[in-house]
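The chain contents come next:
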Amino acid sequence: MATSVDSSALSFYIHIPYCIKRCGYCDFNTYTPAELKDEATLADVSQGYIDLLIEEISMARAASNATFVPTIFFGGGTPSLMEPEDLGRVIAAIEKNFGLADDVEITMEANPDSLTLERLAGYRAAGINRLSIGMQSAATHVLKVLDRTHNPENISKVVTWAHQVGFKEISLDLIYGTPGETLADWEQSLDAALALDITHISAYALIVENGTKLAAQVKRGDVVIPDDDETADKYLLADNKMRAAGFDWYEVSNWSKSDSPCRHNVAYWQGANWWGAGPGAHSHIAGRRWWNVKHPTAYRERIEKSESPMQEEEILSEAERSREEIMLLIRLATGLPRTGLDARQAGIVASYIESSDVDPAAWSQGALVLTQQGRLIADRIVRELVV
Amino acid sequence: MPAIPLAKAPQPSQTNPAQIRNFCIIAHIDHGKSTLADRMLGITEVVEQRNMRAQYLDRMDIERERGITIKSQAVRLPWRSGIDGQEYILNMIDTPGHVDFSYEVSRSLAACEGAVLLVDCAQGIEAQTLANLYLAMENNLTIIPVLNKIDLPAAQPEKFAQELAKLIGCEPEDCLRVSGKTGAGVEELLDQIVKQIPAPVGDPQAPARALIFDSVYDSYRGVVTYVRVVDGHLSTRDQIQMFSTGVRHEMLEVGVISPEPVPSKGLGVGEVGYLITGVKDVRQSRVGDTVTNYQRPTDKALAGYKDPRPMVFSGLFPLDGAEYPMLREALDKLQLNDAALVYEPENSAALGFGFRCGFLGLLHMEIVRERLEREAGLALISTAPNVVYRVTDDVGNEMVVTNPSEFPDGKIMKVEEPIVRATVLAPSEFIGAIMELCQQRRGTLLGMDYLSEDRVEIRYTLPLAEIVFDFFDQLKSRTRGYASLDYEPIGEAEGDLVKVDILLQSEKVDAFSAIVHRDKAYSYGVMMTTKLRELIPRQQFEIPIQAAIGSRIIARESIRAIRKDVLAKCYGGDISRKRKLLEKQKEGKKRMKMVGRVEVPQEAFIAALTTDDEKSKEAKK
Chain C
1 MATSVDSSAL SFYIHIPYCI KRCGYCDFNT YTPAELKDEA TLADVSQGYI
51 DLLIEEISMA RAASNATFVP TIFFGGGTPS LMEPEDLGRV IAAIEKNFGL
101 ADDVEITMEA NPDSLTLERL AGYRAAGINR LSIGMQSAAT HVLKVLDRTH
151 NPENISKVVT WAHQVGFKEI SLDLIYGTPG ETLADWEQSL DAALALDITH
201 ISAYALIVEN GTKLAAQVKR GDVVIPDDDE TADKYLLADN KMRAAGFDWY
251 EVSNWSKSDS PCRHNVAYWQ GANWWGAGPG AHSHIAGRRW WNVKHPTAYR
301 ERIEKSESPM QEEEILSEAE RSREEIMLLI RLATGLPRTG LDARQAGIVA
351 SYIESSDVDP AAWSQGALVL TQQGRLIADR IVRELVV
Chain X
1 MPAIPLAKAP QPSQTNPAQI RNFCIIAHID HGKSTLADRM LGITEVVEQR
51 NMRAQYLDRM DIERERGITI KSQAVRLPWR SGIDGQEYIL NMIDTPGHVD
101 FSYEVSRSLA ACEGAVLLVD CAQGIEAQTL ANLYLAMENN LTIIPVLNKI
151 DLPAAQPEKF AQELAKLIGC EPEDCLRVSG KTGAGVEELL DQIVKQIPAP
201 VGDPQAPARA LIFDSVYDSY RGVVTYVRVV DGHLSTRDQI QMFSTGVRHE
251 MLEVGVISPE PVPSKGLGVG EVGYLITGVK DVRQSRVGDT VTNYQRPTDK
301 ALAGYKDPRP MVFSGLFPLD GAEYPMLREA LDKLQLNDAA LVYEPENSAA
351 LGFGFRCGFL GLLHMEIVRE RLEREAGLAL ISTAPNVVYR VTDDVGNEMV
401 VTNPSEFPDG KIMKVEEPIV RATVLAPSEF IGAIMELCQQ RRGTLLGMDY
451 LSEDRVEIRY TLPLAEIVFD FFDQLKSRTR GYASLDYEPI GEAEGDLVKV
501 DILLQSEKVD AFSAIVHRDK AYSYGVMMTT KLRELIPRQQ FEIPIQAAIG
551 SRIIARESIR AIRKDVLAKC YGGDISRKRK LLEKQKEGKK RMKMVGRVEV
601 PQEAFIAALT TDDEKSKEAK K
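These protein sequences, in sequence, are chains C and X.
Note that the first sequence covers residues 1 to 387 in the working numbering.
Note that the second sequence covers residues 1 to 621 in the working numbering.
Some clues are possibly wrong.
Said to hold, decoys possible - Okay, derived cross-link-like pairs now, BS3-like style, lysine-lysine, Cα gap no bigger than 25 Å in a straight line:
| # | chain 1 | residue 1 | chain 2 | residue 2 |
| --- | --- | --- | --- | --- |
| 1 | X | K569 | C | K213 |
| 2 | X | K508 | X | K593 |
| 3 | C | K241 | X | K569 |
| 4 | C | K294 | X | K333 |
| 5 | C | K219 | X | K584 |
| 6 | C | K144 | X | K569 |
| 7 | X | K578 | C | K213 |
| 8 | X | K569 | C | K257 |
| 9 | X | K476 | X | K159 |
| 10 | C | K96 | C | K305 |
| 11 | C | K294 | X | K578 |
| 12 | C | K294 | X | K569 |
| 13 | X | K578 | C | K219 |
| 14 | C | K21 | X | K569 |
| 15 | C | K157 | C | K241 |
| 16 | C | K219 | X | K159 |
To be verified - Restraint ranges, calculated between C-beta atoms of paired labels, are given here:
| # | chain 1 | residue 1 | chain 2 | residue 2 | range |
| --- | --- | --- | --- | --- | --- |
| 17 | X | A349 | C | S4 | 42 to 50 Å |
| 18 | C | S322 | X | G410 | 50 to 58 Å |
| 19 | C | E354 | X | A349 | 19 to 27 Å |
Read the hints as simulated data drawn from the structure, not as lab findings.
Glycine included, C-beta positions come from ideal geometry on N, C-alpha and C.
In isolation and in its complexed conformation, chain C is listed as follows:
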């Protein structure tokens, strides 16, 4: 894999560490204004943040020999809380330092609550050309358990506005396996999403992360996480419905219409080089991974002193890189090249072909590609291959 990576390309992940409210299931590195400073507004706490990002981008310039940027991803937090002009400044800084590919993909994650027609027009004008909207569910009671505040009907409004202002690539994020969600609820969410004019869907089984409000509720027994079999059924339902609607899976949790995968995310899975800017953001260049200090204040201090915001790094050994490659490529529809596997590993693959978890046709053509059933146990297969 390392050989196939284009070392002249560098993708950018831009972290926006702010939310108006923290959702109960979320363990991302994000903060509400009040968490950062008593009685502060978003404007107070985010003031000057864009300048810090621009400063880190120039640090990236000094540290990298990349010659162009194929993708940019604004994630968070809630990037759509930032003013369009501010995100435009970040894009401009990247363009100035590295140059953008002609077909650059610039994605912004968006909370439907924070979008208006005007703001959407602004983001589009700033250069963003792909939207990833946090829909999560069409069922109000499920959204409530997730602590999401938006009205499910807003989703279709936002999608319509996005088209009006010229967005062609629109993705919806969905979550299944939330406590209290029935199979019918999930089907309703899928139907609602598929009824919209979109090009991409990410559907994630809910993960109960340690330290979240949801984890505490589960521990207390206030809510019950549905069992894995039911969640597996929901995955099958999603995959079947999406395929019927013309969306093909290209990664375990991602489906797209032809030629609309999220190229930024594919870069992660293919081991490409990327720079993550902002507090807690991870970066990867040629087998070296590092991550920034986590807290926005610590991040600000580092940048203001012109110091690297890096907190820690790891240089991967050959063995670690090979394990990562298996772990990541196995998630993709393009699969894991058979050439990288030894006889022991091939034996394991054979047993998973027998249990219908690995596609025999793809294997005979040189790639380990998981079947629908196999995708659901991808981690188990990886463990057997690398352990």
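With chain C fixed as given, assemble chain X onto it according to the hints.
Leaving out everything else, chain X in the frame of chain C:
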């Protein structure tokens, strides 16, 4: 002052047998034997007040903690009788109190002329005490009935005096009343021991004969052998010979316990003491054997010698296969002090390398396992205990099976199993519950007697295998802890027994095979398959779990193939985290044992081999 300073007391090797009284104390656990023994040590002043500690004579940690005696002890107590004012030597021989060690008990009793029957007067006599009492009576010992703990508010000395009087045929007034705790009545008891128990009788001129009633391995001194001289004399100048083996030993040291070892010139008729010969293994100095003089040997051994015969077998395996050599070493060491322990290497497909071990009974098994874990620091897994079966195939070949996995697969003519005569003592309100349990366990009622108005003795014959399988726990729970149990082997009987195998994906798991009665095969099969379904995690394939007799499946369950094992998200920051998780899971994988292509976590083996009772016991700890 009835105590005599040691230096002025009659000396070992020169004590007139007429001045000697040899006695033991028969009592149930908790009935206060150790406290009474402590009190005797104090009153006779062989232990100074400042050196006194509780359970002075119990040497092993396990003995102190469990309040039981595993090894015997013999203490020489000088005493001036308050009745005739004469000097006497009392040898108190402490005996083990558990059914597993009844042979050792019988040898201790054979070394005495009398026994103190000690009964807690708040609880009454228990089955094992009764069994030992009968043993003492068979040995023609003089019995002194004693009610202990008269200081307790719940004491009912009248009631239990009646019970004892009825059992041994005396008057209730003959029962002495003491309190080991306060010391009340203990001096009188010592005087009565002198008065009632006959002095030993032997021929001082005859070739030496001494009974070994215990032998203990000491890492500094080698084997210390406890003996009671019957005839003749043993002295430090002698060479001695073990009658059963004919092996000659040098006598390095002779002495008495008072209560620390005190070397002496020798031991004469009726005396009790110890020998050290430099032997390193208790199997060369066996309980029940006769010690004689090598130059002038006796031609007549003392009666009653038996080789210890293991009754219960179980596989012991180290949790960590790398500890196998340590387990062997620990067993070798333990065997130096435990002539009844037998073992041979066993290789289990499921559990790896270990040892098939034979024990006298369940307590013996528990103690061995506990000592291995405690003294050698080993983590062990043991298979369910089983008894010894005699299997005859259809062409008449007979084989002895101590391991279910050796049970022949072909046609079988008959299977014989050990049978015991069990005695249960309990309040009469539990008769129904006890009989129901014994019936369920293939018991045959032999008889029932009332010990007093509301206490009964119930006698059954039962297959030992049924007792080995959680009988005692069941008995205790059905009688709210009031019943006591004793049993003794009485032979073998044919049983309709079959081997039940447990198969995981058609592979036999040897550690789970069991020999059970045909009527219980089904419930055993269902229990194990259900348990395993819960314990084994779901895997790549559906895993059928079957219980089978031969090729006939009697119960089945299945573990469905796993359907979901994937984290939905794997983006930039997740990658390092996930790779590190993989490294960790690598470690977890080492603790899996493969049965065919099924991964079975070690915890599943442990849990499946543990009975529910044991689990609840663990929980209580």
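Checked hints:
Between the alpha carbons of K569/X and K213/C the distance comes to roughly 19 Å, so the proposed pair stays at or under 25 Å and holds. A distance of roughly 14 Å separates the Cα atoms of K508/X and K593/X; the hinted pair therefore holds under the 25 Å criterion. At roughly 21 Å between alpha-carbon atoms, K241/C and K569/X fall within 25 Å of each other, so this suggested pair holds. Taking the CA atoms of K294/C and K333/X, the gap is about 58 Å. The hint is violated against a cut of 25 Å.
For the given pair, K219/C sits about 24 Å from K584/X by alpha-carbon distance, which is consistent with the 25 Å threshold. Straight-line distance between C-alpha atoms of K144/C and K569/X comes to about 22 Å, which keeps the hinted pair within the 25 Å bound. With a CA separation close to 22 Å, the supplied pair K578/X and K213/C stays within the 25 Å bound. With a C-alpha separation of about 20 Å, the suggested pair K569/X and K257/C falls inside the 25 Å cut-off, and the hint holds.
Pair hint K476/X plus K159/X holds up; C-alpha atoms about 23 Å apart against a cutoff of 25 Å. Proximity of K96/C to K305/C is assessed by CA-CA distance (about 23 Å); at most 25 Å being required, the pair is judged to hold. Between K294/C and K578/X the alpha-carbon distance is near 19 Å, which keeps this suggested pair within the 25 Å criterion. Of the supplied pair hints, the one linking K294/C and K569/X holds, its CA atoms being roughly 20 Å apart against a limit of 25 Å.
Of the pairs offered as hints, the one joining K578/X and K219/C holds, with about 23 Å between alpha carbons and a cut-off of 25 Å not exceeded. For the suggested pair K21/C and K569/X, the alpha carbons sit about 22 Å apart, so the restraint of at most 25 Å is met. Restraint check for K157/C and K241/C: the C-alpha separation of about 23 Å stays at or below 25 Å, so the hint holds. For the proposed pair K219/C and K159/X, the alpha carbon gap of about 57 Å is over 25 Å, so the pair is violated.
Distance hint check for A349/X and S4/C: the Cβ-Cβ separation is about 46 Å, which falls inside the suggested range of 42 to 50 Å. Range check, S322/C to G410/X: Cβ separation about 52 Å, and the 50 to 58 Å hint holds. Restraint check, E354/C to A349/X: a C-beta distance of roughly 23 Å satisfies the suggested window 19 to 27 Å.
Comparing the model with each numbered hint stated earlier shows that hints 4 and 16 do not hold.
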